[in-house]
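Engineer: Take a look at the letters that make up each chain.
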Amino acid sequence: MVGLSEGEKHFIRGGIAQDLRADGRTKLQFRPVTVETGVIPQANGSARVRLGATEVIASVKAELGKPTVLHPDKGKVSIYVDCSPTAAPIFEGRGSEDLSAELSVALQRCLLGGKSGAGAAIDLSSLIVLEGKACWDLYIDGLVVSSDGNLLDALAAAIKVALSDTGIPKVNVSLNAETDGEPEVDVSDEEFLQFDTSSVPVIVTLTKVGKHYIVDATSEEESQMSSAVSVSVNRRGQICGLTKRGGAGLDPTVIFDMISVAKHVSQRFISLLDSEIAAAEAVMDE
Amino acid sequence: MEYVNPLTGFRVDGRRPNEMRQLKGEVGVVSRADGSALFEMGNTRVIAAVYGPREVQNRSQQVNSKEALVRCEYRMAEFSTGDRRRKPKGDRRSTEISLVIRQTMEASILTHLMPHSQIDIFVQVLQADGGTRSACINAATLALADAGIPMRDIVTSCSAGYLCSSPLLDLNYIEDSAGGPDVTVGILAKMDKVTLLQMDAKLPMDTFETVMELAIEGCKAIATYIREILLENTKQLEYRRG
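Protein chains in written order, with the numbering used here: chain A, 1 to 286; chain B, 1 to 242.
No lab work stands behind these hints: they were computed from the structure. Do not take every clue at face value.
Stated by the list, open to error - Pair ranges (Cβ atoms, derived):
1) A:249 to B:227: 54 to 60 Å
2) B:234 to A:252: 42 to 48 Å
3) A:32 to B:24: 23 to 29 Å
4) A:194 to B:166: 30 to 36 Å
Backbone N, C-alpha and C define an ideal beta-carbon position, used for all residues, glycine too.
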């Protein structure tokens with residue numbers, strides 16, 4: 001996808017080795033982040049996140065559904081990512097399916113935890129309306145509008161911001177005999193419940209180029225990577241999920257080293273996002 | 001249902017029958033593309049990105065090597081519609097709209113100036129509230145101009161309908177799904193030529209004329225707006241160059 005000459009490749013690798021990347025950043029520095037909330041009025045919550053030239057949109061929609069028989073006390077969340085052909089011509093037609101599926105699964109792993117719903121970043125039991133009868137189904141959709149590397153981190157950040165923007169309508173449930181025990185649900189148009197998003201993690205991807213690793217790689221830098229480790233970390237510094245991509249093998253000690261670096265970087269990134277969310281909400285209130 | 005209030009003459013969203021929704025255009029929203037634009041008509045919001053002119057990727061698609069190959073893909077975001085449902089990629093509606101946009105844009109691009117090359121137009125619907133076809137064509141025009149692709153003229157598109165015995169300009173989703181006729185017109189603004197004309201449902205001949213004229217008026221208003229955006233953008237570029 002990225003056509004680079006030998007000289008350019010050498011320049012990128014050499015720059016990373018000397019801790020001065022092609023755009024002037026150091027190895028562990030993010031590109032400037034801009035955050036906008038409420039970009040999709042039809043959704044319950046939405047956000048647009050820009051990381052340099054990478055731009056993603058995340059939307060959260062809530063629909064009333066029925067909890068599964070296995071977990072009558074939990075709501076359902078599904079995450080789906082699509083890569084728009086506007087981001088790159090190779091995403092045209094079915095060309096985006098592989099990458100979309102890879103990103104969706106990585107996000108599900110990091111945000112939803114195991115099959116039982118244990119360890120999920122979103123408190124699934126807060127989505128329940130009436131146990132065994134009604135619950136909220138959250139549909140989280142990500143869209144990659146412009147792609148310049150580090151899509152996973154940008155998507156996770158957008159989902160975090162979109163969830164903090166999400167308002168779930170307040171519901172009044174009345175059970176009466178006439179409807180055979182089926183609950184009658186009255187959805188409020190005015191009152192909304194906010195989510196507790198403090199435990200939603202961010203994802204920090206460390207991309208290994210040569211002997212060094214960097215955060216927030218551009219697509220040029222990604223084309224030179226040997227492998228990448230995506231670590232999702234929440235506010236308390238707990239690891240919520242881990243994905244390794246790329247062909248080259250990694251030494252276990254290097255992975256531990258990478259995780260501790262990711263943990264350190266993520267705390268800076270979370271506080272940066274928090275201040276951006278606060279700023280975006282202030283703009284909305286005006 | 002009353003789509004036009006008989007007392008006040010206002011429509012469901014408070015517009016007059018010949019009033020367009022608020023337009024908003026922005027150039028250069030996708031930094032990696034050769035040309036890109038965002039176009040909003042009320043709540044309908046689309047992004048267009050243009051890649052090219054570049055080398056032909058798939059030679060079997062090339063019909064005439066003396067002219068540029070124009071391709072187009074229309075895609076709707078999962079969250080663009082009110083009720084969320086999974087649609088397979090490349091469903092019939094998307095394929096048809098892709099074709100319509102391609103043919104409409106091809107009419108204005110000077111393809112003979114770019115032999116052995118291909119131009120890709122990608123339109124992504126972020127929000128659908130009626131008139132996505134028109135919004136996509138307008139966005140594509142802006143994006144093509146941003147990419148610096150030579151064109152005969154600016155292509156703009158607008159829809160009009162006929163409900164409650166009055167012609168209505170720029171239908172939104174509620175009016176669009178009311179079952180009345182929906183006339184989508186695309187014109188070459190300066191040359192005053194129609195490049196796209198589609199209508200569903202039936203309409204008497206003389207009413208059709210007034211409805212189509214209304215749609216053409218809408219197209220011209222959009223053309224004026226698009227020209228303003230491009231002029232402003234060029235001024236910005238000139239200013240930045242110093």
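Engineer: Now tell me if each hint is right for this structure.
Structural biologist: Tested hints:
no. : hint                       : in the structure
1   : A:249 to B:227: 54 to 60 Å : 58 Å, holds
2   : B:234 to A:252: 42 to 48 Å : 57 Å, violated
3   : A:32 to B:24: 23 to 29 Å   : 24 Å, holds
4   : A:194 to B:166: 30 to 36 Å : 44 Å, violated
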